[in-house]
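Colleague: Sequence lines, in order, name chains A and B. For the first sequence, the working numbering gives the first residue as 1, with consecutive numbering after it. For the second sequence, the working numbering gives the first residue as 1001, with consecutive numbering after it.
Since the hints were derived computationally from the structure, they do not count as laboratory data. One or more of the hints may lead you astray.
[Unchecked claim] Residues on chain A that point at chain B, a partial pick, calculated with CB under 7 Å:
#	residue
1	28
2	40
3	86
4	96
5	100
6	102
7	107
[Said to hold, decoys possible] Quick list of simulated restraints, FRET-style, between CB atoms:
#	chain 1	residue 1	chain 2	residue 2	range
8	B	1068	A	5	29 to 39 Å
9	A	98	B	1022	39 to 49 Å
10	B	1062	A	17	37 to 47 Å
11	A	12	B	1042	16 to 26 Å
12	B	1116	A	52	43 to 53 Å
13	B	1078	A	81	33 to 43 Å
14	B	1024	A	39	35 to 45 Å
15	B	1081	A	12	37 to 47 Å
16	A	17	B	1001	42 to 52 Å
[Said to hold, decoys possible] Derived DMTMM-like pairs: lysine to aspartate or glutamate, alpha-carbon spacing no greater than 25 Å straight-line:
#	chain 1	residue 1	chain 2	residue 2
17	B	1042	A	52
18	A	3	B	1001
19	A	57	B	1059
20	A	71	B	1001
21	B	1057	A	9
22	A	59	B	1059
23	A	59	B	1096
24	A	63	B	1071
25	B	1042	A	84
26	A	55	B	1059
27	B	1083	A	84
28	A	3	A	15
29	B	1042	A	9
30	A	17	A	52
31	B	1083	B	1104
32	A	3	B	1085
33	B	1083	A	56
34	A	71	A	15
We put the beta carbon where it would ideally sit given N, CA and C, even for glycine.
These are the residues of each chain, in order.
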Amino acid sequence: SQKIEQNSEALNIQEGKTATLTCNYTNYSPAYLQWYRQDPGRGPVFLLLIRENEKEKRKERLKVTFDTTLKQSLFHITASQPADSATYLCALDHHASGGSYIPTFGRGTSLIVHP
Amino acid sequence: EPEVTQTPSHQVTQMGQEVILRCVPISNHLYFYWYRQILGQKVEFLVSFYNNEISEKSEIFDDQFSVERPDGSNFTLKIRSTKLEDSAMYFCASSEFTGGISYEQYFGPGTRLTVT
């Protein structure tokens, strides 16, 4: 069966350190992978999109890697700040029967950055 | 900065009643989506909409659900006869669409639907 797995346990780190979140998937052939941030009671906020033929993408303090052989994406936040505390969702965009893409979300990993 | 808006923020309804959730996508976006998130669960895709018709829908999007773009700005989700298990946060999203390439989606703040 198809699965997207993100660590269910919260990741606790100290301010200034690099946070690394993992997204593993099975039985998908995603064309794209996206990372979102979600704060409690709010809608997801888009952070980064990486295509299947890309290995790495960066945006300011954020970096995403995508390994289609390992079926894994890593999401890094460098120089983390307490304001980065949130739940981070990975979403796989896979080709659907209608010809376009459907995103399937993981359950997310909660990040807590301590001052 | 342009944003997706949704109304109402919270809707309480009785089982069996019809509800309409409303969304105003970002004005130059062409692709629209509805998702739901049951409390404590993951975000689930319901439907995508492009060029005035449904592009894709999930197994959750059964005959009790329908979507409509009644004018040039609004995008609605109707649930015909609500059930207790429809209680969830419903998110609308929109994205640019260019030649089949997936673009980032911009989500609204959500409507919390409570069915009693």
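Colleague: All hints, please: hold or fail.
Modeller: The hints, checked one at a time:
no.	hint	in the structure
1	28	violated, 14 Å
2	40	violated, 11 Å
3	86	violated, 14 Å
4	96	holds, 5 Å
5	100	holds, 5 Å
6	102	holds, 5 Å
7	107	holds, 4 Å
8	1068/B to 5/A: 29 to 39 Å	holds, 36 Å
9	98/A to 1022/B: 39 to 49 Å	violated, 25 Å
10	1062/B to 17/A: 37 to 47 Å	holds, 46 Å
11	12/A to 1042/B: 16 to 26 Å	holds, 22 Å
12	1116/B to 52/A: 43 to 53 Å	holds, 45 Å
13	1078/B to 81/A: 33 to 43 Å	holds, 42 Å
14	1024/B to 39/A: 35 to 45 Å	violated, 21 Å
15	1081/B to 12/A: 37 to 47 Å	holds, 44 Å
16	17/A to 1001/B: 42 to 52 Å	violated, 30 Å
17	1042/B to 52/A	holds, 23 Å
18	3/A to 1001/B	violated, 35 Å
19	57/A to 1059/B	violated, 33 Å
20	71/A to 1001/B	violated, 35 Å
21	1057/B to 9/A	violated, 31 Å
22	59/A to 1059/B	violated, 35 Å
23	59/A to 1096/B	holds, 20 Å
24	63/A to 1071/B	violated, 40 Å
25	1042/B to 84/A	holds, 20 Å
26	55/A to 1059/B	violated, 32 Å
27	1083/B to 84/A	violated, 37 Å
28	3/A to 15/A	violated, 32 Å
29	1042/B to 9/A	holds, 15 Å
30	17/A to 52/A	violated, 28 Å
31	1083/B to 1104/B	violated, 32 Å
32	3/A to 1085/B	holds, 23 Å
33	1083/B to 56/A	violated, 44 Å
34	71/A to 15/A	violated, 30 Å
Hints 1, 2, 3, 9, 14, 16, 18, 19, 20, 21, 22, 24, 26, 27, 28, 30, 31, 33 and 34, counting from the list given before, are not met by this structure.
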